[in-house]
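> Assembling the complex is the task here: the two chains are given apart, and the hints tell you how they should meet.
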Amino acid sequence: MKKIWSVVNLIFFSVLFSACSPVYVEHSIAISSMDTFIGGHVLTPQDQWESTNAYIKDMFERYHKLTDNYRGYDNVVGIYYINQLVELKKSDQTVEIDKELYDLLLVGIELYDLTDGYFDMSIGKIVDVWKNIIDEYDYPGEVVPKEVIDFALGKVADIDVIEDAVTLSTAEGKYYVTLKYGAKIDLGALAKGYVTQKAANYFKEKGFSTYLISGGGSSMLYGEGNTRTEDGSYRTGLINPQDVIDNQHLIGHRPKNYGIYTSKNYNFTTSGSYNQYIVSEDVMYHHIISPKTKRPENYYLTLSIVGSDAGLNDGLSTALFSMPPEVLEAFIQTHDFEVYTYLFNDTYKSYNQSDNFREIT
Amino acid sequence: MKLKDYVIIGVIVLVISAFYIWVTYFGPESGSIAYVYQDNDIVIEINFEDDSFVLYPQSVDINYPQQTTPVEGEGGDVAFIILGAYVHDGEQTKVYIEIDWDKKAIRIQKDETPRQIGVRRNWYDGTGLPAISLPSKVFIVFKAADDDGIDGVV
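So the protein sequences, as listed, match chains A and S.
In terms of my numbering, the first sequence opens at residue 6 and continues consecutively.
In terms of my numbering, the second sequence opens at residue -6 and continues consecutively.
Hint data in this document are derived by calculation from the structure and do not stem from the laboratory.
Values in this document were obtained by computation on a predicted structure and should not be read as measured data.
From the three backbone atoms N, C-alpha and C, an ideal C-beta is built for every residue, glycine too.
Heads up, some of the hints might be wrong.
Said to hold, decoys possible - Computed Cβ-Cβ distance ranges for the label pairs, DEER-style:
{"no.": "1", "chain 1": "S", "residue 1": "D82", "chain 2": "A", "residue 2": "V81", "range": "40 to 46 angstroms"}
{"no.": "2", "chain 1": "A", "residue 1": "S359", "chain 2": "S", "residue 2": "E38", "range": "34 to 40 angstroms"}
{"no.": "3", "chain 1": "S", "residue 1": "D82", "chain 2": "A", "residue 2": "D251", "range": "41 to 47 angstroms"}
{"no.": "4", "chain 1": "S", "residue 1": "D70", "chain 2": "A", "residue 2": "Q281", "range": "27 to 33 angstroms"}
{"no.": "5", "chain 1": "S", "residue 1": "H81", "chain 2": "A", "residue 2": "V332", "range": "25 to 31 angstroms"}
{"no.": "6", "chain 1": "A", "residue 1": "V81", "chain 2": "S", "residue 2": "E38", "range": "50 to 56 angstroms"}
{"no.": "7", "chain 1": "A", "residue 1": "E101", "chain 2": "S", "residue 2": "D44", "range": "53 to 59 angstroms"}
{"no.": "8", "chain 1": "A", "residue 1": "K354", "chain 2": "S", "residue 2": "E38", "range": "38 to 44 angstroms"}
{"no.": "9", "chain 1": "A", "residue 1": "V332", "chain 2": "S", "residue 2": "Q60", "range": "52 to 58 angstroms"}
{"no.": "10", "chain 1": "S", "residue 1": "P107", "chain 2": "A", "residue 2": "K209", "range": "55 to 61 angstroms"}
{"no.": "11", "chain 1": "S", "residue 1": "V64", "chain 2": "A", "residue 2": "S359", "range": "49 to 55 angstroms"}
{"no.": "12", "chain 1": "A", "residue 1": "A59", "chain 2": "S", "residue 2": "R108", "range": "27 to 33 angstroms"}
{"no.": "13", "chain 1": "S", "residue 1": "E65", "chain 2": "A", "residue 2": "V100", "range": "29 to 35 angstroms"}
Extracted from the complex, chain S is given alone in its bound form (with noise of 0.2 angstroms):
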């Protein structure tokens, strides 16, 4: 081979290796993204690398979820209307869900269910026990944290 392809290959392999080493290095970091699941399904996905979201329209409804108006001075930054599992005069409840980007927490902020324990848990950043409504089936889940060396936590 002559040093022209040498230089070719070089280039090739290089590209390559900074494409990975982005990927690998420069992505968003785990631990920053979180799920807001409605029974089965993803409906929220919270990106707080970049304070970004998307939201996935609900099988039930393909309206849900609706952004709204937070809270004011309870220090979410965004929220959303999301319809719970939690059946009430014949319909489907509402679930509040709230974003609070400097703290990295997500709280279910209100819904009807009879207990509120998904609302009582208030702001939930991934530590401790999960926030859940059963009643609602709405789940919070962050994407743990690669960097701590743990796959999980009993």
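Just chain A, with the same shape it has in the complex (with noise of 0.2 angstroms):
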């Protein structure tokens, strides 16, 4: 009986001195902001996790009122603000705003320069058009007339792209932005990825190096240390784009992956086209405007980009699936980046293909 009771203290004892070290709870991530709804969870020790998640929602509440194309808010120098101002006096505008914005804003001249303005964040204008025309229809892959699509035409070739619309300066501590006349900012090819990141970063700055964040259903951001696989790794799926076409008429069809990528502490983000499209004249007219002929270009139906940076990639993917194959080629050649494109006749082509990728057939 001595020994038992030895084996009783043994397991009493163990328990109380991992009391001792912060146990780690998954706590779910549930944020409504940006027009989007980010969610996933993370691993933090039970006591942290209120300031955590407040931390977090605000930081996403002040950049979704910094970002927003469509509303002012008291007190808020944000883009809405901008764009207005330029609108109302008709002429450049130097604006000061906070650091947070510039350095997002930074990050977009950055994307800017790096794919030769692929990535434009000042042609809101040119967007809205589109989007405008898109949200009209119920359905994606709406059959519309050719009338509609020649009225959007006809009012972007008015809206002039104008070279680098947005330049920032800094003086005695403060920051700039000055905006063109004629251009419009709109960072919704950014602005998420980039709140998303930073939300990671703060995770990790804490040391929850656990976590899991879907950015709105385009994005996936991982941490290490998953408790469903062995090594910690995290599994993405890479939807196929012709079998969500194909049966988005079926309530209950789970699409189909064309490949499985596994890794820890990455970022996994698709810009495609097959969600919200419109089709008149057996071509699909989308949300992803290119710069360069300011309408949607039709290469791909998906594009992703893996990465450790969920801002960056979110404004790459953009910008990527509006150039042509050979252009894409190019850039890929030059910046080392691993992408994943599907294509119209129902196969996919990869770029920089790791060990991580794994094709479903």
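Right under this line is the structure:
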């Protein structure tokens, strides 16, 4: 009996001492902000979750107000304010902004330079024309009259793409943006990924290395220590967009994946046309607008990029989606990004494919 | 240790193991749980394994969600009204949510938003883009299925 008492004591003290180190508990991330839903989970000590959750939610809300294109907010000098000011004054305007917005716009300018203008956050007026038309229709793939497309093409023909429309400057510790007249800033292709990455950075700073963040269905951001895999890696399914298009009328159809990517501490972002589009004369018109042609281009059904920065990937996937294949190939050769495109012939093409990718046949 | 001691330890281990196996393999399946969010809060939790739901009072008005009658003949088995973020005539507007136990699907049956994007999405079972009503800040999210070996899709 003495020995069994010793065993029970051993178990008791093991449990007691284990309580001295923080117990990490999985918490759900659920944030509605920036016109989308940010979901996922993160492992944190129980007593730190409330403050962490509040910090992340506040951060998303703050950036939402700074980047909202459709509404202004009291005491917030954000994108809406800057765009409105330029339109009202009908001239180039320089506005003092917070460092948060300055840093975000700086990434936008870097992407503009990096992609030779294929990422252009100043074509908001052109994006609005197409977005308004696509939003008029109820279902993806709805067939619309040619006149609708001609109307859009006519409108965007009257809008100039202005070179270097956004410039930044600093003076005496203050931050400024200058927006040229005729341009309109739209951060829809950058802000969500940028802030999601900031949320992940915050987790890492706090020592919370196990997390999964889903940014609106097009971006997955992972840490390490996944409890569902032996080595703690995370697995991303790459949706077959053709399968979605072919079966979009079926309730309950679970789209096939054409590949699985497995790794730790990475972001996978996809830009695709298959969820929001209309059709006219057998041509898809979707929401990703090429700054070069001022219209949606159909080189790929989806384009996915792997990397460590969700903000950069958000902007890059949008920019690369509008690149013709030969331009994309040259760009990737120069910059060494790992990219997966799904093509209209129901096959995929990868660039710099790593061993982390496994094809599903 | 005597045989009796081994038996006691064995029984303890057996009980703990049985409990672990039960929780792991016989608890509710992931993918069968869905959440309706209003803004940042879960307001309805739905379990399609046992056709049950839990309502969480909304912070803006604890009288919501309210249970109501589903539209007849359209598949809904149970319906709720929640308060959305969309404001009309100075008041937050109602959003009608329906659940179909057979299809394991949820829909925004009715709201007062101008574009009706969430309503037009109709029945949603967790596949494809999330069912959302941005003006109402209502989001329907299914817990990802564990058995497909995937943590997320893009």
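> If a hint holds in the structure, say so; if it does not, say that too.
Do the hints match the structure? See the list:
1. D82/S - V81/A: 40 to 46 angstroms: violated, 26 angstroms
2. S359/A - E38/S: 34 to 40 angstroms: holds, 39 angstroms
3. D82/S - D251/A: 41 to 47 angstroms: Since D82/S and D251/A have Cβ atoms about 44 angstroms apart, the given range 41 to 47 angstroms holds.
4. D70/S - Q281/A: 27 to 33 angstroms: Holds - the Cβ-Cβ distance for D70/S and Q281/A, about 31 angstroms, lies within 27 to 33 angstroms.
5. H81/S - V332/A: 25 to 31 angstroms: Once the Cβ atoms are compared, 47 angstroms apart, the range 25 to 31 angstroms for V332/A and H81/S is violated.
6. V81/A - E38/S: 50 to 56 angstroms: Since V81/A and E38/S have Cβ atoms about 34 angstroms apart, the given range 50 to 56 angstroms is violated.
7. E101/A - D44/S: 53 to 59 angstroms: holds, 57 angstroms
8. K354/A - E38/S: 38 to 44 angstroms: Between K354/A and E38/S, where Cβ atoms are some 42 angstroms apart, the hint holds.
9. V332/A - Q60/S: 52 to 58 angstroms: holds, 56 angstroms
10. P107/S - K209/A: 55 to 61 angstroms: Hint violated: Cβ distance 41 angstroms, outside 55 to 61 angstroms.
11. V64/S - S359/A: 49 to 55 angstroms: holds, 50 angstroms
12. A59/A - R108/S: 27 to 33 angstroms: holds, 31 angstroms
13. E65/S - V100/A: 29 to 35 angstroms: With a Cβ separation near 56 angstroms, E65/S and V100/A fall outside 29 to 35 angstroms, so the hint is violated.
Hint compliance for this structure: hints 1, 5, 6, 10 and 13 are not met, and every other hint is.
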